[in-house]
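Listed below, chain by chain, are the residues.
Protein chains: 2
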Amino acid sequence: MERAVVLLSGGVDSSTVLAIARAEGFACHALSFRYGQRHMAELRAAERVAAALGASSHRTIAVDLRAIGGSALTDAIDVPKDRTLAAMAQEIPVTYVPCRNLVFIALAAGLGETLGARHLFLGVNAIDYSGYPDCRPEFIEAVERTLAIGSKAGAEGRPFRIHTPLIHMTKAQIVRKGMELGLDFALTHSCYEPDAEGRACGACDSCILRRKGFEEAGVADPTRYREP
Amino acid sequence: MERAVVLLSGGVDSSTVLAIARAEGFACHALSFRYGQRHMAELRAAERVAAALGASSHRTIAVDLRAIGGSALTDAIDVPKDRTLAAMAQEIPVTYVPCRNLVFIALAAGLGETLGARHLFLGVNAIDYSGYPDCRPEFIEAVERTLAIGSKAGAEGRPFRIHTPLIHMTKAQIVRKGMELGLDFALTHSCYEPDAEGRACGACDSCILRRKGFEEAGVADPTRYREP
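So the protein sequences, as listed, match chains E and H. Per the working numbering, the first sequence runs over residues 1 to 228. Per the working numbering, the second sequence runs over residues 1 to 228.
Take these hints with a grain of salt, some might be off.
So these bits of chain E aren't anywhere near chain H, every CB distance computed over 12 angstroms [said to hold, decoys possible]:
(1) Lys177
(2) Asp221
(3) Tyr225
What follows is a list of derived Cβ distance ranges for each label pair [claimed, not checked]:
(4) H/Met40 - E/Ala186: 42 to 50 angstroms
(5) E/Pro222 - H/Glu2: 47 to 55 angstroms
(6) H/Arg224 - E/Ile127: 56 to 64 angstroms
Hints listed in this document are in silico derivations from the structure and should not be mistaken for laboratory results. Glycine is no exception: its CB is placed at the ideal position from the N, C-alpha and C atoms.
Take these sequences, add in the hints, and give me the full structure.
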């Protein structure tokens, strides 16, 4: 069984990616990050999802992106609320964490070297997250080339392959794919600003995209929202 | 004054790079990492060097590479001792930390975005560290391309430039350059396995390369070695 490292935030996208990688027959080593996010609800979700989908292992690596700052996900910057999709697409949002995806992929590749895994799975999406420069296919290709040159695995002729099965899918397609593979979305978490019980705000970009995904997929939304 | 982020481990190479970046007129923000290395002597050295060379700031970011494993620098794997240069050049050493340089550069770029710095300085060297795939010029070029595509700075038309002034220099040339710029090498630390007082072992690859550098440069070696 080929090994893969799967980046798992515990949201809809990365959880669906784990389901896909498992369905493709990979032994999946899930990897999450404690990077200074303002809440731990997503890490608890990642644990639930990894267990439910039969990941071979699940690790959480601490990397303190608060020391870098510059993002509403790690700093005391307001998370935007009730934005339209057009507004989201217009600019790089304040929830963008500088160079986060490159940091995460590099750590995944490092773990891949240690585990002898040559496949990295990533839930990036170029449609709903079009404002993030590090979610575009050209970026993923550039990282793959960089790893082929700069990793031990690459130098030894066993370069990493980065799988991004969701990159051109809409949220509705992602939700349908996850359902098809038996993923229980009630285990996942998306909200940028949940309350202490992990209930979603319903108004941040991530909640809006998630809700829209369930609506368009024609699937009941299992998200626990807090009272308005 | 243009801003730069300078990766600073506190060794001979990165300290010389900081001296070069300062001499070139950059306002330098030094960046070190607490990545699970087995000793803190190099972080103390980095602090001393940053202060002595007038860095504008010095940050240490925690990123737990022990969770990845696979290296003698973070795990309970023996650090090789008394190796010849030929032996060092022959293979990727066990002191290689999987994908460490890519993780570090990505974090430096993230900090650069937040600080508005478009220059990254790195002490990689393709001669003495020829066994490390992530010290080669092709790797640095690939990372620069990746950041141009995947960072906010790059997307906004202000791509990062990665400076590697030492990449083709011998250790002797690096030592001479540092001396020329007034760097006090007694402040720096290189040993992979120092004792509790920070004194060097004199036998690990890093000590051997350092000692050879001072000898070939014809400069007195200020390193404090422990008793044999």
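For each hint, the structure was consulted:
no., hint, result
1, Lys177, "25 angstroms, holds"
2, Asp221, "32 angstroms, holds"
3, Tyr225, "31 angstroms, holds"
4, H/Met40 - E/Ala186: 42 to 50 angstroms, "45 angstroms, holds"
5, E/Pro222 - H/Glu2: 47 to 55 angstroms, "51 angstroms, holds"
6, H/Arg224 - E/Ile127: 56 to 64 angstroms, "58 angstroms, holds"
Going down the numbered hints, you'll see the structure goes against none, and every one checks out.
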